[in-house]
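S.K.: Here's the letter readout for the chains.
Number of protein chains: 2
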Amino acid sequence: MGIAERKEKQKLEIRKLILEASMKLFVEEGFENVSIRKIADLIEYSPTTVYLYFKDKDEIFYELHNIGFLLFQEMNKDLPAIEDPLARLHKMGGNYIHFGLANQEYYDLMFIQRAPMEALTQMKGPDCGWAAGDSAFENLKATLEECMEKGSISRTSLDVLAMTVWGMVHGWVSLAIRGRFEKMMPKEQILPMMLLSLDFMIDTIAAK
Amino acid sequence: MGIAERKEKQKLEIRKLILEASMKLFVEEGFENVSIRKIADLIEYSPTTVYLYFKDKDEIFYELHNIGFLLFQEMNKDLPAIEDPLARLHKMGGNYIHFGLANQEYYDLMFIQRAPMEALTQMKGPDCGWAAGDSAFENLKATLEECMEKGSISRTSLDVLAMTVWGMVHGWVSLAIRGRFEKMMPKEQILPMMLLSLDFMIDTIAAK
DNA sequence: AAATATACTTAACACTGTTAATAAAACTAA
DNA sequence: TTAGTTTTATTAACAGTGTTAAGTATATTT
Numbered sequence: 000m001g002i003a004e005r006k007e008k009q010k011l012e013i014r015k016l017i018l019e020a021s022m023k024l025f026v027e028e029g030f031e032n033v034s035i036r037k038i039a040d041l042i043e044y045s046p047t048t049v050y051l052y053f054k055d056k057d058e059i060f061y062e063l064h065n066i067g068f069l070l071f072q073e074m075n076k077d078l079p080a081i082e083d084p085l086a087r088l089h090k091m092g093g094n095y096i097h098f099g100l101a102n103q104e105y106y107d108l109m110f111i112q113r114a115p116m117e118a119l120t121q122m123k124g125p126d127c128g129w130a131a132g133d134s135a136f137e138n139l140k141a142t143l144e145e146c147m148e149k150g151s152i153s154r155t156s157l158d159v160l161a162m163t164v165w166g167m168v169h170g171w172v173s174l175a176i177r178g179r180f181e182k183m184m185p186k187e188q189i190l191p192m193m194l195l196s197l198d199f200m201i202d203t204i205a206a207k
Numbered sequence: 000m001g002i003a004e005r006k007e008k009q010k011l012e013i014r015k016l017i018l019e020a021s022m023k024l025f026v027e028e029g030f031e032n033v034s035i036r037k038i039a040d041l042i043e044y045s046p047t048t049v050y051l052y053f054k055d056k057d058e059i060f061y062e063l064h065n066i067g068f069l070l071f072q073e074m075n076k077d078l079p080a081i082e083d084p085l086a087r088l089h090k091m092g093g094n095y096i097h098f099g100l101a102n103q104e105y106y107d108l109m110f111i112q113r114a115p116m117e118a119l120t121q122m123k124g125p126d127c128g129w130a131a132g133d134s135a136f137e138n139l140k141a142t143l144e145e146c147m148e149k150g151s152i153s154r155t156s157l158d159v160l161a162m163t164v165w166g167m168v169h170g171w172v173s174l175a176i177r178g179r180f181e182k183m184m185p186k187e188q189i190l191p192m193m194l195l196s197l198d199f200m201i202d203t204i205a206a207k
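Note that the protein sequences, when read in sequence, are chains A and B. Under numbering that gives the first Met the number 0, the residues of the first sequence are numbered 0 to 207, in order. Under numbering that gives the first Met the number 0, the residues of the second sequence are numbered 0 to 207, in order.
Source of the hints: derived by calculation from the structure; they are not laboratory data. If you're wondering where the values come from, they're calculated on a predicted model, not measured in any experiment. It cannot be assumed that every hint is accurate.
Identical copies carry no separate label here, and so any pair may be met within one copy or between two of them.
[Said to hold, decoys possible] List of simulated lysine to aspartate or glutamate pairs, EDC-like, C-alpha gap at most 20 Å:
id, residue 1, residue 2
1, Lys182, Asp126
2, Lys10, Glu58
3, Lys140, Glu181
4, Lys182, Asp133
5, Lys56, Glu31
6, Lys182, Glu62
7, Lys37, Glu58
8, Lys23, Glu104
9, Lys182, Glu137
10, Lys56, Glu28
11, Lys186, Asp158
12, Lys182, Glu117
13, Lys182, Asp57
14, Lys182, Asp158
15, Lys182, Glu58
16, Lys90, Glu144
17, Lys186, Glu117
18, Lys123, Glu181
19, Lys56, Asp126
20, Lys140, Asp83
21, Lys186, Asp133
22, Lys23, Glu62
23, Lys15, Glu104
When you get a sec, could you build the whole thing from the sequences and use the hints?
M.R.: Here it is as structure tokens:
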């Protein structure tokens with residue numbers, strides 16, 4: 000059935016158009032200016048057509064949130080090549096920070112906005128868990144476990160350790176994205192400061 | 000001029016009514032359901048009357064954000080009584096976490112929402128800096144400086160240290176508030192986990 | 001009591017997400 | 001090719017949003 004296949008492809012094409020338009024609006028005009036009508040304008044369809052491809056606005060944001068995780072995964076694809084787990088952890092942290100600051104809108108959807116989680120909550124069946132987030136967190140935990148096995152970090156609860164590390168990098172990036180550093184330090188100082196803090200954190204956490 | 004004074008007081012009364020109504024709506028129906036019309040309904044005035052007391056919606060949120068900082072300050076009023084700076088730091092961290100989880104809407108306004116910062120940006124004159132946030136951050140830095148002077152924490156850049164600590168606790172609280180732990184661990188486990196992480200963090204940061 | 005200043009409301013503009021009903025297009029079967 | 005069916009897209013509408021301009025009461029002052 001080549002015809003049904005082609006139709007399926009076209010459907011995905013329009014979904015992609017909608018997602019691209021939404022992201023364009025988000026980046027250029029901010030989250031609160033992403034409206035169904037503006038999306039429809041951009042893709043040159045009527046507003047209600049959007050609802051033929053997405054259940055509601057939250058589902059669009061959920062899909063963008065997933066794309067964000069894919070991009071982040073792509074950025075981390077060379078990580079396994081780093082043998083030393085502590086060095087890998089350092090690189091992971093650096094990647095996280097760089098990703099967040101360079102893709103603030105995606106980061107917002109992945110870790111700050113409520114909308115994607117709302118969409119998840121309304122889903123039934125096997126997709127109702129936060130697969131993308133869970134998987135990223137498991138990656139972090141795996142590397143931390145390696146660090147402890149190798150003795151680079153002295154043994155503690157894996158969950159506590161992982162939460163400490165994630166909390167820290169997320170804290171920095173989210174404060175930056177939501178403008179809490181803007182009135183505290185010059186803009187060009189934010190990234191260097193984070194990288195210094197990352198160095199400090201890894202160094203402190205490392206077994207002496 | 001007793002009459003002008005009374006009028007001023009009445010003006011403040013209505014401002015307070017508006018702020019209370021806004022907070023009630025925020026807590027009971029969520030941020031996106033705080034609308035000028037609903038506020039007006041609650042205080043039994045017409046929608047446009049709200050604009051006689053606040054420039055716009057952002058200014059309401061800015062004022063609530065300030066109240067949040069006042070509440071947090073109130074919570075911390077006994078901190079200076081703790082002599083040992085490291086113990087004080089630990090208590091500060093605990094207070095921060097408890098405050099954030101117990102007053103999620105205030106915390107949201109203080110450290111996550113864009114609206115209060117937008118209001119700040121549009122202000123001119125001496126109020127255009129983030130006074131509330133700066134002051135809280137200076138408090139943290141003062142205690143950290145004491146820790147380093149006493150040798151409880153080995154000397155490093157004060158700014159880097161402060162950012163590390165703040166980033167961590169903010170990371171945890173904001174991830175919790177925005178539902179990123181909900182699909183990862185049972186709800187009643189979140190606070191204990193944070194407190195364990197706090198212990199771990201202070202212990203790790205402390206000079207051995 | 002008249003004039004002025006303050007407080008408040010009504011009406012309107014230009015938006016928003018979303019649904020129901022309807023029209024157009026594409027595909028299927030005779 | 002034509003008739004019927006399914007898919008795709010649209011128009012119209014509902015119930016809301018922030019905000020401004022203009023008009024109306026209510027107080028205060030002269």
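S.K.: Against this structure, judge whether each hint is valid.
M.R.: Hint check:
For a Cα distance limit of 20 Å, the shortest separation of Lys182 from Asp126 across copies, 12 Å, qualifies, whereas the shortest one inside one copy, 40 Å, does not. For the homomeric pair Lys10 and Glu58, the shortest alpha-carbon distance inside one copy (16 Å) is at most 20 Å, but the shortest distance between copies (44 Å) is not. For the identical chains of this complex, Lys140 and Glu181 are inter-copy neighbours only, at 18 Å across copies versus 32 Å inside a copy, given an alpha-carbon limit of 20 Å. In the homo-oligomer, the alpha carbons of Lys182 and Asp133 lie at most 20 Å apart only across protomers (8 Å), although the nearest pairing inside one protomer, at 34 Å, exceeds that limit.
Taking the shortest Cα distances, Lys56 and Glu31 sit within 20 Å of each other both inside one copy (12 Å) and across copies (14 Å). Taking the shortest Cα distances, Lys182 and Glu62 sit within 20 Å of each other only across copies (17 Å), while inside one copy they are farther apart (33 Å). Proximity of Lys37 to Glu58 under the C-alpha cut-off of 20 Å is restricted to the intra-copy arrangement: shortest distance 16 Å within a copy versus 27 Å between copies. With identical chains, the CA atoms of Lys23 and Glu104 are at most 20 Å apart within one copy only, with a shortest distance of 10 Å there and 30 Å across copies.
Taking the closest pair of Cα atoms, Lys182 and Glu137 come within 20 Å of each other only across two copies (13 Å); inside a single copy the shortest separation is 35 Å, beyond that limit. Taking the closest pair of Cα atoms, Lys56 and Glu28 come within 20 Å of each other both inside a single copy (16 Å) and across two copies (19 Å). Within a single copy, Lys186 and Asp158 get their C-alpha atoms only as close as 33 Å, which misses the 20 Å cut-off; across copies the closest is 15 Å, which meets it. Only between protomers do Lys182 and Glu117 lie at most 20 Å apart by alpha-carbon distance; the minimum there is 12 Å, versus 32 Å within a single protomer.
In the homo-oligomer, the alpha carbons of Lys182 and Asp57 lie at most 20 Å apart only across protomers (17 Å), although the nearest pairing inside one protomer, at 31 Å, exceeds that limit. In this assembly of identical chains, the alpha carbons of Lys182 and Asp158 lie at most 20 Å apart only when taken from different copies (15 Å versus 34 Å within one copy). In this assembly of identical chains, the alpha carbons of Lys182 and Glu58 lie at most 20 Å apart only when taken from different copies (18 Å versus 34 Å within one copy). When the C-alpha separation of Lys90 and Glu144 is checked against a cutoff of 20 Å, the pair qualifies only within one copy, where the shortest distance is 16 Å, while the shortest distance between copies is 29 Å.
Proximity of Lys186 and Glu117 under a CA criterion of 20 Å is satisfied inter-copy only: 17 Å between copies versus 32 Å inside one chain copy. Taking CA atoms no more than 20 Å apart as the test, Lys123 paired with Glu181 passes between copies only; the shortest distance there is 16 Å, against 41 Å inside one copy. Taking the shortest alpha-carbon separations for Lys56 and Asp126, only the intra-copy value of 18 Å comes in at or below 20 Å, while the best inter-copy value is 37 Å. In this homomeric assembly, Lys140 and Asp83 come within 20 Å of each other (Cα to Cα) only inside a single copy, at 15 Å, whereas the closest approach across copies is 34 Å.
When the C-alpha separation of Lys186 and Asp133 is checked against a cutoff of 20 Å, the pair qualifies only between copies, where the shortest distance is 16 Å, while the shortest distance within a copy is 32 Å. Within a single copy, Lys23 and Glu62 get their C-alpha atoms as close as 14 Å, which meets the 20 Å cut-off; across copies the closest is 32 Å, which misses it. For the homomeric pair Lys15 and Glu104, the shortest alpha-carbon distance inside one copy (17 Å) is at most 20 Å, but the shortest distance between copies (35 Å) is not.
Every hint from the earlier list agrees with this structure, and none is contradicted.
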